[in-house]
Amino acid sequence: MWSALRADAALIRRLRYPQGGAWSALGLWLRPGGLLILFAQRLGHELRTRRAAGARWTPALLTMRVVEHFATYAVVVFAKSDVLSSIVIEPGVYLGDLGHLIIGAQRIGSGTMIHHRITIGMNLADKGKPTIGANVWIGPGTVIYGNITLGDGATVLPGTVLTKSIPAGAVVQGNPARVVRIGFDNAALRASTNYDIDAASLPVSAEAQPA
Amino acid sequence: MRAAMSADVRRYLRDSTSRGAVVQALLQQYGLQATLVYRLGRELRRRRWQFWWWPLTLPGWLLYWPAALFVRAAYGIRLGLSADIGAGLYVGHFGGIELTHCTLGPGCNIGEQTRIGTRTATDGPRLGERVWLGGHVVITGNLSIGDGATVGAGAHVSSDVPPRALIMGNPARVMSRDYDNSAIL
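Line by line, the protein sequences give chains W and F. In terms of this note's numbering, the first sequence is residues 1 to 211. In terms of this note's numbering, the second sequence is residues 1 to 185.
If you're looking for bench data, these hints aren't it; they were derived computationally from the structure. The beta carbon of each residue, even a glycine, is placed where N, CA and C say it ideally should be. It is possible that some hints are incorrect.
[To be verified] Over 10 Å on every C-beta distance to chain W, these chain F residues come out as not near it, computed from the model:
id	residue
1	Ala4
2	Tyr12
3	Arg14
4	Gly41
5	Gly60
6	Leu62
7	Pro66
8	Gly80
9	Thr100
10	Cys102
11	Gly117
12	Arg119
[What the hints assert, rightly or not] From the structure, some residues in chain W lie toward chain F, with a derived Cβ separation under 7 Å:
id	residue
13	Val77
14	His100
15	Ile102
16	Thr119
17	Leu124
18	Val161
19	Pro176
Build out the structure end to end from the sequences listed, making use of the hints.
Okay, structure coming up:
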């Protein structure tokens with residue numbers, strides 16, 4: 001849990017303070033933002049894993065439970081977010097500092113960036129939850145639900161409502177979502193916290209056109 | 001007020017109706033807290049000009065306003081008193097919910113980031129009974145949604161919706177004319 005949180009903190013610090021410097025660690029403590037959400041989720045997930053492995057309620061585990069309770073409530077009040085502790089989140093994930101995240105995915109890959117005002121959840125009709133690959137970029141105001149898979153390096157542009165699986169490197173936009181690019185490398189998007197992006201502003205190359 | 005409140009609480013109880021389940025719902029379901037505060041405010045507003053109730057309603061407002069401010073600031077749920085919400089409202093998640101100048105029938109579901117209503121006092125949207133709304137739904141303007149309709153997550157509704165229809169998208173289009181939402185409600 002702590003190594004995963006350190007990876008998250010390193011990613012957030014690199015994105016938020018590109019120049020680096022010793023004071024950037026202080027900035028992370030003063031304004032944790034998405035790191036607070038990740039802390040509460042990873043603590044809850046750790047507790048859940050240990051209990052599933054048959055661990056008894058020791059004083060240490062009870063302390064963890066109390067800390068998790070208050071951290072989760074702080075996430076609700078300060079970030080308006082609910083990220084379920086059942087999700088498997090790989091180390092090194094960025095969650096938006098502006099909050100309003102309701103996330104109930106199966107799995108989230110490392111290097112994924114999730115901005116604010118996002119719902120990733122269950123399709124109530126068939127109880128399916130999404131699986132999100134590594135290095136996915138998800139813009140603000142997005143809704144993703146159902147038993148679907150987002151391939152590695154996929155890009156979901158702001159305001160998308162996505163209910164179908166997309167392959168690796170695809171770019172989707174719209175409500176309902178349409179694939180606007182394939183084979184797109186989103187490394188430039190993931191290099192900053194800027195989220196004000198639409199399909200027209202993406203670089204066009206000959207091979208990165210919709211099929 | 002009490003009948004509507006108990007209908008709201010019952011929406012959050014899945015199978016058990018024990019006292020413990022009710023207490024758990026009251027503590028853990030932020031949408032239920034917001035709904036109960038709204039019911040109190042509507043009752044106070046209904047007795048606004050009945051001066052013989054003033055010894056009770058004036059302290060009641062002192063209870064309502066801090067509570068309404070709390071659910072709005074802490075959970076991001078604003079159920080405005082200008083909204084006319086039927087008994088048995090279920091607010092699934094929290095954050096970014098704003099309901100003003102609209103009419104909801106009994107037994108509705110609403111999700112997070114939902115905006116229903118208008119700024120002005122007239123011509124708000126009218127929703128029938130047992131309407132299911134997903135998250136990120138925007139319904140503004142003078143339109144009506146029929147009984148038992150289902151509005152998919154992220155839909156921006158801009159025209160009237162027939163009863164039992166399933167609509168999705170922006171602008172919202174009818175996906176099914178006869179969709180049974182009793183399984184997800």
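Least C-beta distance from Arg119/F to chain W larger than 10 Å: Holds, because the least Cβ-Cβ distance between Arg119/F and chain W comes to about 21 Å, which exceeds 10 Å.
Taking the least C-beta to C-beta distance, is Val161/W closer than 7 Å to chain F? holds (4 Å)
Assertion that Arg14/F lies outside the chain W interface [Cβ separation over 10 Å]: Nearest chain W Cβ is 14 Å from Arg14/F, so the label holds.
Return the status of the interface hint for Thr119/W: holds when the least beta-carbon distance to chain F is below 7 Å, violated otherwise. holds (5 Å)
Hint Leu124/W vs chain F: min CB-CB distance below 7 Å? Nearest chain F Cβ about 4 Å off; hint holds.
Quick one: work out the minimum CB distance from Gly80/F to chain W and report holds if it exceeds 10 Å, violated otherwise. holds (18 Å)
Grab the minimum C-beta distance from Pro176/W to chain F and call the hint holds if it beats 7 Å, violated otherwise. holds (5 Å)
Quick check for students: does the CB of Leu62/F sit more than 10 Å from each CB in chain W? holds (23 Å)
Taking the closest pair, is the beta carbon of Gly41/F still more than 10 Å from chain W? The claim stands: Gly41/F keeps its Cβ more than 10 Å from every Cβ of chain W (closest is about 21 Å).
Would the non-interface assignment of Gly60/F survive a Cβ cutoff of 10 Å against chain W? Holds, since 25 Å exceeds 10 Å.
Under 7 Å, Cβ to Cβ, is where Val77/W needs to be relative to chain F, so tell me if that hint holds or is violated. holds (5 Å)
Do the numbers back the hint for Ile102/W, that is, is its least Cβ distance to chain F under 7 Å? Cβ of Ile102/W sits 5 Å from chain F, so the hint holds.
Taken one by one, the earlier hints all hold for this structure without exception.
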